[in-house]
Amino acid sequence: MNGPRCWRAPLRGAALWCGALLLAGAALAVDVTPPLPTPVLQQRYESLTHELRCMQCQSEALADSSVSLAADLRLQVRELLLAGQSDDQIRDHMVARYGEFILFRPRMTWRNAWLWAAPTLLMLVGVWVAWRVLRARARLVDADPADFGDESLEP
Amino acid sequence: MNRFLLPLGGFVLLLAVLLVGLKRAPDKAILPSPLIGKPVPQFSLPNLFDNTQTVNSDALKGHWSLVNVWGTWCVECKAEHNVLLQIKQEARVPIIGIDWKDQNEDALTWLAQLGNPYERVGTDRDGRVAIDWGVYGAPESFLIDPAGTVVYKHIGAMTTQVWQHEFLPRVGAGPGA
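These protein sequences, in sequence, are chains A and B.
Counting from 1 along the first sequence, just add 20 to a position and that's the residue number in our numbering.
Counting from 1 along the second sequence, just add 45 to a position and that's the residue number in our numbering.
Extracted from the complex, chain B is given alone in its bound form:
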């Protein structure tokens, strides 16, 4: 009987390791960002509303901000749009938009029709800035602290739930709130 105990123990241990692995396996669609805790990637993009002006990383310094990567071709972006408008109404955290691989006319029409939640919008036509931000699908939203550090990233449509449970508590707890 004793000679079966060791293999049995080994088997149970393996089973436990695999079960814990299965339970804790992260959703493959949601990958952690290596940018968390790092300064925001430097960028300078043409302003959607006035292409003689730019929107750059300096706009993220000195206050909390929400950087939202979107595009008019992105279905989920339409789904989150009302939540972004609500966040704008709260007036706690300004939203900086990065319009990713889009057309200016389409983006302007979209904002005119659905309302504009953004304080500024930069236009990333060739997708270079999005790559620097590690974006792999729109919409993605980044919370930036007043020092210009990436604090949190949400992949997929913003919801009231996510905003209240993941974003606002971080703003409340952080410095400069």
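So that you can see chain A by itself, here it is in the shape it has in the complex:
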């Protein structure tokens, strides 16, 4: 409730309140996996655990889930990173066990290619329809400007 308002208020109290809220978030963190030795690895760990799904509580990412399977999988991500595996290798490792569903960002395959193409196709259809409508209107004005004028005066 106080979230949006505290950014607007220039008061020191409000800033403190915001800080307290941020700290509260850190205190509630569920991920107790030991940190990785380098910031780069830690960064890769963070992004991987945010893009992999917790299979037990399916709308949560591994990073945010408190169930024990998620903790086990976070540890496994950490170990694979330490073993020198690439992000793609780690994703493949998880997909081989749990299927594509574990990825929050689905990959493009022949089976789902039409889904990826759909927005472009729909946009082309839209452009085609708009072009036809505009051309029809232009022709209407050219053909009988008086008629068009009369019609537009009608209530």
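For the record, the hints were derived by calculation from the structure and aren't laboratory data.
Keep in mind that a hint or two might mislead.
[To be verified] Computed from the model, here is a short list of chain B residues facing chain A with C-beta under 10 Å: (1) D171; (2) I176; (3) D177; (4) W178; (5) V180; (6) G182.
From a predicted model like this one, the values you see are computed outputs, not experimental measurements.
Beta carbons: idealized from backbone N, C-alpha and C, even for Gly.
Chain B: place on chain A using the hints.
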């Protein structure tokens, strides 16, 4: 009139696609396993009854087997226990148990009290083997053919219905039955 036919047709088509999608949408709690048709994941676990021995993937070769992932903390596992005992009595398919993230004492007490349907039980204390099997909730049951290939997976409690309609027909039809 004609100018409405195309959008109307489009709308009906979209409606049909969405309706079919809704009808055929799989239950979100039951996800297909990528392991089906693949060789079983290699594992070697301490034997629950004798931790100087191991239970490993070789135990699944040469005959049909049912791999059942369970734990004493799992409520559904209690619900399926009698069905597992019946399957043991049938003596067609031996059951290999993977005791997942559990305590040995708890597991031994459970089996002593409720009866032991398993031919062998491996203890997966840190949950690594369960991850290799793509387990995301107990109980889960896998049907393995004599070549060591995963043929079918059932998520949730085993029932007589599921055993007779999903598992046994596959055993009957497959090679080496």
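Review point. Does the structure break any of the earlier hints, and which numbers would those be?
Key: none
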